[in-house]
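Place chain B on chain A using the hints.
Protein chains in written order, with the working numbering: chain A, 1 to 331; chain B, 332 to 662.
Calculated directly from the structure, the hints in this document are not laboratory data. Glycine residues also receive a C-beta, built at the ideal position from the N, C-alpha and C atoms. Worth double-checking, as some hints may not be accurate.
To be verified - Cut-off 35 Å, straight-line C-alpha distance, at most; resulting in silico cross-link-like pairs (DSBU-like, lysine-lysine):
(1) A:K221 - A:K85
(2) A:K174 - B:K416
(3) A:K283 - B:K505
(4) B:K432 - A:K290
(5) B:K416 - B:K559
(6) B:K432 - A:K283
(7) B:K551 - B:K623
(8) B:K623 - A:K99
(9) B:K379 - B:K430
(10) A:K292 - B:K625
(11) B:K505 - A:K297
(12) A:K59 - A:K322
Claimed, not checked - Coverage of chain A stretches by chain B, computed from C-beta distances (three or more under 8 Å per stretch; other residues unrestricted):
(13) 75-86
(14) 143-153
(15) 177-184
(16) 238-250
(17) 256-263
Chain by chain, the residues:
There are 2 protein chains.
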Amino acid sequence: MEKGNLRIGIDIGGTNTVWGFLDSNDNYLFENSIQTHAEDGVDRFVLKLSEKIQNDFKKFSDKYNLEGIGIAAPSVNHLTGVIEKAVNLKWIEVDFINKMKKYFSTQIVIMNDANAAALGEGSFGAARGMSNFITITLGTGLGSGIVVNGQLLYGENGLAGEIGHSIIEVNGRKCSCGKFGCLETYISATGLKRTVFNFLCYFDYESELRDIAFNALTSKKISELAEKSDPIAVKAYEYTGEVLARSLSNLVCMFNPEAIILFGGLSESGELILKPIEHYLDKYLLDLYKGKVKILKSRLQNGKAAILGVCGFVKETIEKNKTQLSMSELK
Amino acid sequence: MEKGNLRIGIDIGGTNTVWGFLDSNDNYLFENSIQTHAEDGVDRFVLKLSEKIQNDFKKFSDKYNLEGIGIAAPSVNHLTGVIEKAVNLKWIEVDFINKMKKYFSTQIVIMNDANAAALGEGSFGAARGMSNFITITLGTGLGSGIVVNGQLLYGENGLAGEIGHSIIEVNGRKCSCGKFGCLETYISATGLKRTVFNFLCYFDYESELRDIAFNALTSKKISELAEKSDPIAVKAYEYTGEVLARSLSNLVCMFNPEAIILFGGLSESGELILKPIEHYLDKYLLDLYKGKVKILKSRLQNGKAAILGVCGFVKETIEKNKTQLSMSELK
Chain A
1 MEKGNLRIGI DIGGTNTVWG FLDSNDNYLF ENSIQTHAED GVDRFVLKLS
51 EKIQNDFKKF SDKYNLEGIG IAAPSVNHLT GVIEKAVNLK WIEVDFINKM
101 KKYFSTQIVI MNDANAAALG EGSFGAARGM SNFITITLGT GLGSGIVVNG
151 QLLYGENGLA GEIGHSIIEV NGRKCSCGKF GCLETYISAT GLKRTVFNFL
201 CYFDYESELR DIAFNALTSK KISELAEKSD PIAVKAYEYT GEVLARSLSN
251 LVCMFNPEAI ILFGGLSESG ELILKPIEHY LDKYLLDLYK GKVKILKSRL
301 QNGKAAILGV CGFVKETIEK NKTQLSMSEL K
Chain B
332 MEKGNLRIGI DIGGTNTVWG FLDSNDNYLF ENSIQTHAED GVDRFVLKLS
382 EKIQNDFKKF SDKYNLEGIG IAAPSVNHLT GVIEKAVNLK WIEVDFINKM
432 KKYFSTQIVI MNDANAAALG EGSFGAARGM SNFITITLGT GLGSGIVVNG
482 QLLYGENGLA GEIGHSIIEV NGRKCSCGKF GCLETYISAT GLKRTVFNFL
532 CYFDYESELR DIAFNALTSK KISELAEKSD PIAVKAYEYT GEVLARSLSN
582 LVCMFNPEAI ILFGGLSESG ELILKPIEHY LDKYLLDLYK GKVKILKSRL
632 QNGKAAILGV CGFVKETIEK NKTQLSMSEL K
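For reference, chain A alone in the conformation it holds in the complex (with noise of 0.2 Å):
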């Protein structure tokens, strides 16, 4: 029997780092993930990686020829595809496909994770059949994807879409980038616990928060709390819904999307973000734009929009070098 071919997709988190393999009908085989613990350096992150990759590989090789593998991750230059100054990697000036190049011989691309999300929420989930919308990534940071006319903005130097790193308050919260006042800050899975504690400090309520330590806190735990009513919780995520409605719907006077697509952990606490976002966007939305936008769940697990989409580029970058060659085959 002749063997398929199979594309593996990387996202490269400041958490975790997460793979999957799909075959070339899309269909999603298997996936993994490991911490991305890019403290230790990018040389112990790319081999402790690859060897993980190379072992899971193993039980699809015999059925399997790997095709090529694509990487998505924060901070990419679109045009060197050099990742540069990722501030939630605290990796300088890393050519990531080099690096890969020691444990694979197939076809590697990068690219931006958020893009990358944007192009797998535009083939296979929420966004599907739509031209002009942005998808954006609540996770440890904050990273968008932005679609123009059905294609990606990359801007002059392919660094377009950072708006996590968009001021929306001024002398505000201290940002790794070294701002203040970033987006970011507010709005990720570390800016809903930087809120909650600005929040034990002001108001005086009582809340289990209140016997949590900061680096013992999550998202999660968060979640749980506001569920159960806990005052400090639900405020944290009334006031983080309201600062997310204030910058879409500055997104939405800059772009006039169809709609807004929101990944990740943070937008994973359905109505309790979701209320306040629709309540505020009702506050701060221009009349011009009311009933113009949709603000959606993207429909895909967490993670694979970035997967799938940097799979599609895989396969695209393929389908060039192909049509390139049997252009210079002519000659």
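The following block gives chain B in isolation, referenced to the frame of chain A:
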């Protein structure tokens, strides 16, 4: 002698409406203007404007045929051509082309004023040859035109680019759109004036500005006093530059443009506004983008960019019609 062709471009602003005549080689033959007085109603305005233009055209009618009229106006829906809820004109749902057709039997087109300015700047001004740039018009309000991959960004409903109504201050200044804290309540001729009055309250510096009533104060006066080192006027410009730099840095995060081009009254204040912008851009710009974006002053005279841009749109429309006509003849 055969007559030449002439296009008329009209730029409708909150305070003044300017029109210019262009020959087929884009030579700017003539310019005139009236005060808009939008509060008198749109019909009265169209009557006054049309009479004036008809009168002006008499001087050219023995040498030129009127080939078409292009109108640049705020809040024009690109898809319908209707002026929708133009907050600075207080007009709601105006089909301006239809109203103009009572007075002119020629091709009439309409487009958003900020988009027209972007087209003009891209073809004739500082953005010549650029594929990714943003133009910001600082007049009575704040308009913007966004060019991405060489094309104007219209968005899903033709309503993209309303940067002036992005919220930059929670519970900030009341805006004519009904919201609070919109960018244009800070960054515009009126915004500068509001800042002056805020500073007359906050600081206790002596200043000539303490002798001028709100309605009597012009931005020209503020700039004259700033040139003479009036402390309130100087601080007002500094603050305006800071807020603008913060907003520009946010735009850079989203669009990664090659340049942002400033137009209109406030940008004419030269170093008074450009120096603080430069200073604060260095503070607010994400490291990733430093050295990658130019902040430029329009190279075209005030208002001229929109007139040139919309005249280009007239030409494009006429040529498209001709192509369609000749294609229908082929059948």
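The hints, checked one at a time:
{"no.": "1", "hint": "A:K221 - A:K85", "verdict": "31 Å, holds"}
{"no.": "2", "hint": "A:K174 - B:K416", "verdict": "39 Å, violated"}
{"no.": "3", "hint": "A:K283 - B:K505", "verdict": "13 Å, holds"}
{"no.": "4", "hint": "B:K432 - A:K290", "verdict": "31 Å, holds"}
{"no.": "5", "hint": "B:K416 - B:K559", "verdict": "40 Å, violated"}
{"no.": "6", "hint": "B:K432 - A:K283", "verdict": "38 Å, violated"}
{"no.": "7", "hint": "B:K551 - B:K623", "verdict": "33 Å, holds"}
{"no.": "8", "hint": "B:K623 - A:K99", "verdict": "27 Å, holds"}
{"no.": "9", "hint": "B:K379 - B:K430", "verdict": "12 Å, holds"}
{"no.": "10", "hint": "A:K292 - B:K625", "verdict": "33 Å, holds"}
{"no.": "11", "hint": "B:K505 - A:K297", "verdict": "32 Å, holds"}
{"no.": "12", "hint": "A:K59 - A:K322", "verdict": "28 Å, holds"}
{"no.": "13", "hint": "75-86", "verdict": "holds (count 3)"}
{"no.": "14", "hint": "143-153", "verdict": "holds (count 5)"}
{"no.": "15", "hint": "177-184", "verdict": "holds (count 3)"}
{"no.": "16", "hint": "238-250", "verdict": "holds (count 3)"}
{"no.": "17", "hint": "256-263", "verdict": "holds (count 3)"}
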